[in-house]
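*Asks:* Here is what each chain is made of, one letter per residue.
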Amino acid sequence: MTMHAKAKHQLQGEIREISCRDEYCRMTIAAPAICHVAAAGQFVMVKPAADKSNDPLFRRPFSLHQVVDGLLTIIFKIVGRGTRNLAKMQAGEVLDVVGPLGKGFQLSSEPRHYLVGGGMGIAPLHLLAESINRQNPQSEIIALLGARTARELDAFADLQDLRFLRVELATDDGTAGHHGLVIDLLERAVAAGGRGAVYSCGPWPMMKAVALYCRAKQLPCQVSLETVMACGVGACLGCAVSGADVAGDGYLHVCKDGPVFEAGKIWL
Amino acid sequence: MVVNKPDLTVAIGDWQLANPIMTASGTFGYGAEFADFVNLNRLGAIVVKGVSVKPRIGNPPPRIVETACGMLNAIGLENPGIDKFLTEKMPQLQNFTCGVVVNILGDSLEEYCTLAERLKETAIAAIEVNISCPNVKKGGVAFGTDARMVYEVTRCVRERSNKPIIMKLSPNVTDIAAMAAAAEEGGASAVSLINTLLGMAIDIRTRRPKLANKVGGLSGPAIKPIALRMVWQVAQRVKVPVIGIGGISTVEDVVEFLLAGATAIQIGTANLINPGVAEELVDGLENYLLENKIAAVKELINGLLA
Ligand SMILES: Cc1cc2nc3c(=O)[nH]c(=O)nc-3n(C[C@H](O)[C@H](O)[C@H](O)COP(=O)(O)OP(=O)(O)OC[C@H]3O[C@@H](n4cnc5c(N)ncnc54)[C@H](O)[C@@H]3O)c2cc1C
Ligand SMILES: Cc1cc2nc3c(=O)[nH]c(=O)nc-3n(C[C@H](O)[C@H](O)[C@H](O)COP(=O)(O)O)c2cc1C
Ligand code: FES
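Order-wise, the sequence lines are chains A and B. For the first sequence, position 137 matches number 137 in our numbering, and the numbering has no gaps at all. For the second sequence, position 254 matches number 522 in our numbering, and the numbering has no gaps at all.
You may find that some hints are simply not true.
[What the hints assert, rightly or not] A short, non-exhaustive set of chain A residues, derived as facing chain B with CB atoms under 8 Å: (1) His9; (2) Gln10; (3) Asp55; (4) Phe58; (5) Val98; (6) Tyr213; (7) Thr227; (8) Ala230; (9) Val233; (10) Ala235; (11) Cys236; (12) Gly238; (13) Ala240; (14) Gly250; (15) Tyr251.
Since the hints were derived computationally from the structure, they do not count as laboratory data. Source: prediction; values computed, not measured. Glycine included, every Cβ here is placed at the ideal spot set by N, Cα and C.
Given only the sequences and the hints, what does the whole structure look like? Please build it.
*Replies:* See below:
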């Protein structure tokens, strides 16, 4: 039999660190096999290993925020039962982790990169920024980050500290940076700094605005989508989104064809 | 002391399965999706996603909702159609040494017959016929809810095919045993049950159904007691082997279905939650037999005491 190199793993990962502030949590999990093959924009699906209750039933998907020395970090917001249960976990407890899943960001060879994130969609941009920098340390990387309030942005303090990154902020309530939308930042940054590859992850209205702007300006643009997921591996076909040409291409599946898509491939 | 490995084999007609653990249609893709998590060749069989004559793009999203200990799905039978299935999916399926069962669906009697015919030349272990679909010519009544139609579909597929025929029964009926009897009369080699139960979920904030299709099929641990009851009822009524499906996720669940009269079982929703579960249950069943000093899994089948 030929050896089959695994692209995905299911493993029991010990939680090494967990800290929550307000409703924002950061969790670091020992998952060497997953870290070994992980790429920016991919995700994991997790479930507390000890929870055999089947309620809630599904695993929960989270983007890879950081991958360092066999440890993976996710950043999540408590929004419902699943995330509340995860937030209650302690260091030393074990998560059942499946990953890395999906297709991540394609690293562009453009000299300039605009990373546009909104809310929890900022999570995958850390690993993305590091990957772009590693591929070409000369790259100019500009992160344009939006959130409802400054507190939400605090969850991503580590991203704002990356040396090779220029960061601009926008908040809905004006508590940090520009008082307004992140798309305003992108328009301004491109007008001032020039063309570049655009990567976007966040709420759909934000990504749609980014994608439409990029289409008008003919900038290469990738967006990272979220849908409810059951399997995360392309089996259940539950995570469908409309392709750019629904009649011709039908639906795309976020867990397998994405979560990162070229903006031109999906229905805007 | 020599510990003999327990005998896990079961038979569905002439078809010998290495063990009674199969995966359910629509929850295991085409097998390849799980190759990183499960040694597919250790399974009794895999059942692939339902295939129709023409490609189907499926229902608009949202297609799935989590419910208490279960889920609703309205995938809409998205599949590439039989042509693409045979050219693109079949070759890789033929690499697996476990049994491969192809699940078929149609919206007319002719479509079911055509599909049976098209699968003649393949090396598959069996055909499973999903009759939970609406019969377009009969005003959209699901084939599986009318004993006459169950009989007709079974007979046609039986006549056009050289493979074992598994009729997959819908639980959305008053008397599922009567449907099983109709399938048996039509020449089914086995019946499998249950398919999903029709259900609904509403978002009270938006006052809209949570599924774009409004209603969907309920599956997962929540449906196990209903499935088990139906398997038991059907096993008492028909002589052909019964394949138990519905909410199975542990070895105890498997044993319950075998005791209720199932010859084999299928794991559905559990694959989506725990991608390694199918192989875990093969190991788990073997350990259960060892620990309980049961020489052969066949001893459990229909082992329910009065
Ligand atoms: C590829 C991907 C990456 C993600 N990355 C992150 C991340 O890095 N940080 C973060 O905070 N969140 C992320 N999310 C969203 C996160 O998965 C949801 O917030 C979480 O599943 C909510 O679970 P819950 O039980 O707390 O909420 P509930 O609302 O109780 O969940 C009910 C159901 O809806 C699903 N669901 C609810 N909200 C979402 C959502 N926004 N996207 C997908 N499914 C949802 C749940 O998984 C569950 O099946 C990501 C989602 C996807 C698909
Ligand atoms: C996402 C999903 C897709 C399914 N697709 C099919 C299908 O294409 N054909 C079919 O006969 N049954 C299909 N089913 C039904 C399952 O095969 C199974 O009968 C049902 O889910 C009950 O088993 P479970 O509780 O173990 O999931 C599907 C179920 C789910 C959850
Ligand atoms: S979540 Fe199952 S196919 Fe994407």
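*Asks:* So, for every hint listed, does it hold in this structure?
*Replies:* Hint check results:
1. His9: 7 Å, holds
2. Gln10: 5 Å, holds
3. Asp55: Given a least distance of 5 Å, the restraint on A:Asp55 holds.
4. Phe58: With Cβ-Cβ at 5 Å, under 8 Å, it holds.
5. Val98: 6 Å, holds
6. Tyr213: Interface hint status for A:Tyr213: violated (25 Å vs cutoff 8 Å).
7. Thr227: Constraint on A:Thr227 satisfied, holds at 7 Å.
8. Ala230: 4 Å, holds
9. Val233: 5 Å, holds
10. Ala235: It holds, given that the least Cβ distance between A:Ala235 and chain B is near 4 Å, below 8 Å.
11. Cys236: Cβ of A:Cys236 sits 5 Å from chain B, so the hint holds.
12. Gly238: Where the cut-off is 8 Å and the nearest Cβ of chain B is about 4 Å from A:Gly238, the hint holds.
13. Ala240: For A:Ala240, the interface hint holds, since the closest Cβ of chain B sits about 5 Å away, which is under 8 Å.
14. Gly250: Interface hint status for A:Gly250: holds (3 Å vs cutoff 8 Å).
15. Tyr251: Result: holds, 6 Å to nearest chain B Cβ.
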